[in-house]
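Listed in order, the protein sequences are those of chains A and B.
Residues in the first sequence are numbered from 123 upward in steps of one, following my numbering.
Residues in the second sequence are numbered from 123 upward in steps of one, following my numbering.
Calculated from the structure, these hints are not laboratory results.
Please note that the accuracy of each hint is not assured.
Because identical chains share one entry, a pair is satisfied inside a single copy or across any pair of copies.
Below, in silico cross-link-like pairs of lysine to aspartate or glutamate (EDC-like), each with a Cα-Cα straight-line distance of 20 Å or less [said to hold, decoys possible]:
| hint | residue 1 | residue 2 |
| --- | --- | --- |
| 1 | K215 | E198 |
| 2 | K201 | D191 |
| 3 | K136 | E208 |
| 4 | K213 | D191 |
| 5 | K181 | D191 |
| 6 | K201 | D182 |
| 7 | K181 | E193 |
| 8 | K181 | E196 |
| 9 | K186 | E208 |
| 10 | K201 | E173 |
| 11 | K201 | E212 |
| 12 | K213 | E196 |
| 13 | K215 | D182 |
There are 2 protein chains.
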Amino acid sequence: MESEGQPAVLVGKKPVMNYVVAVLTFFNQGANSVAIRARGSAISKAVDVVELLRRAFMKDLNVKNISIDTEVLEREGRKSNVSTIEIMLEKPKT
Amino acid sequence: MESEGQPAVLVGKKPVMNYVVAVLTFFNQGANSVAIRARGSAISKAVDVVELLRRAFMKDLNVKNISIDTEVLEREGRKSNVSTIEIMLEKPKT
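Okay, chain A solo, but in the shape it has when bound (with noise of 0.2 Å):
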């Protein structure tokens, strides 16, 4: 799923604005492309710092790939099947 030495950002239980920092930070520092990835619940918030991110502070960025997962979590000995994630972005050509 991820290309090698991909910047990614896993989003958890952080508030959005940290994670869109996160990425941010990974494209000023060169990247040219960051994954976000999410699992379960946090999977609405990856796309809120997505929207957020395309709203306020990077207008062209550019949605190269969504992608969705199922993930089998062993949990006590017990398998439980999990949703994820992927969203590639791109920056902006200039």
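Once you've looked at the hints, dock chain B against the given chain A.
Just chain B now, kept in the frame of chain A:
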């Protein structure tokens, strides 16, 4: 975002299985593609619906496209931004 006459399922507060059944019903009625849409925190559930369909009911189900956007809602005179997702599903080719 949508084609005219496109069957669509809007994912909200009901259990995941209700939306799975709604999608299956559209396909069984002869639809070739079904759009799944959700807003805000229901976005994660929309992904769960697609992943459950793919794992358990329609293994060859094709996710044709996923797009995200922002909708401006006005509630009690205040504007708020809410993220949205649209997942386009296509019947497997037989």
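Quick rundown of the hints versus the structure:
Taking the closest pair of Cα atoms, K215 and E198 never come within 20 Å of each other, the shortest separation being 47 Å inside a single copy and 40 Å across copies. In this assembly of identical chains, the alpha carbons of K201 and D191 lie at most 20 Å apart only when taken from the same copy (16 Å versus 33 Å across copies). For a Cα distance limit of 20 Å, the shortest separation of K136 from E208 inside one copy, 18 Å, qualifies, whereas the shortest one across copies, 25 Å, does not. For a Cα distance limit of 20 Å, the shortest separation of K213 from D191 across copies, 18 Å, qualifies, whereas the shortest one inside one copy, 25 Å, does not.
In the homo-oligomer, the alpha carbons of K181 and D191 lie at most 20 Å apart only across protomers (13 Å), although the nearest pairing inside one protomer, at 28 Å, exceeds that limit. For the homomeric pair K201 and D182, neither the shortest alpha-carbon distance inside one copy (41 Å) nor that between copies (23 Å) is at most 20 Å. In the homo-oligomer, the alpha carbons of K181 and E193 lie at most 20 Å apart only across protomers (16 Å), although the nearest pairing inside one protomer, at 32 Å, exceeds that limit. Taking the shortest Cα distances, K181 and E196 never come within 20 Å of each other, neither inside one copy (40 Å) nor across copies (23 Å).
For the identical chains of this complex, K186 and E208 are neighbours both inside a copy (11 Å) and across copies (15 Å), given an alpha-carbon limit of 20 Å. In this homomeric assembly, K201 and E173 come within 20 Å of each other (Cα to Cα) only across copies, at 16 Å, whereas the closest approach inside a single copy is 33 Å. Taking the closest pair of Cα atoms, K201 and E212 never come within 20 Å of each other, the shortest separation being 35 Å inside a single copy and 29 Å across copies. Proximity of K213 and E196 under a CA criterion of 20 Å is satisfied in neither setting, with 36 Å inside one chain copy and 31 Å between copies.
Within a single copy, K215 and D182 get their C-alpha atoms as close as 8 Å, which meets the 20 Å cut-off; across copies the closest is 36 Å, which misses it.
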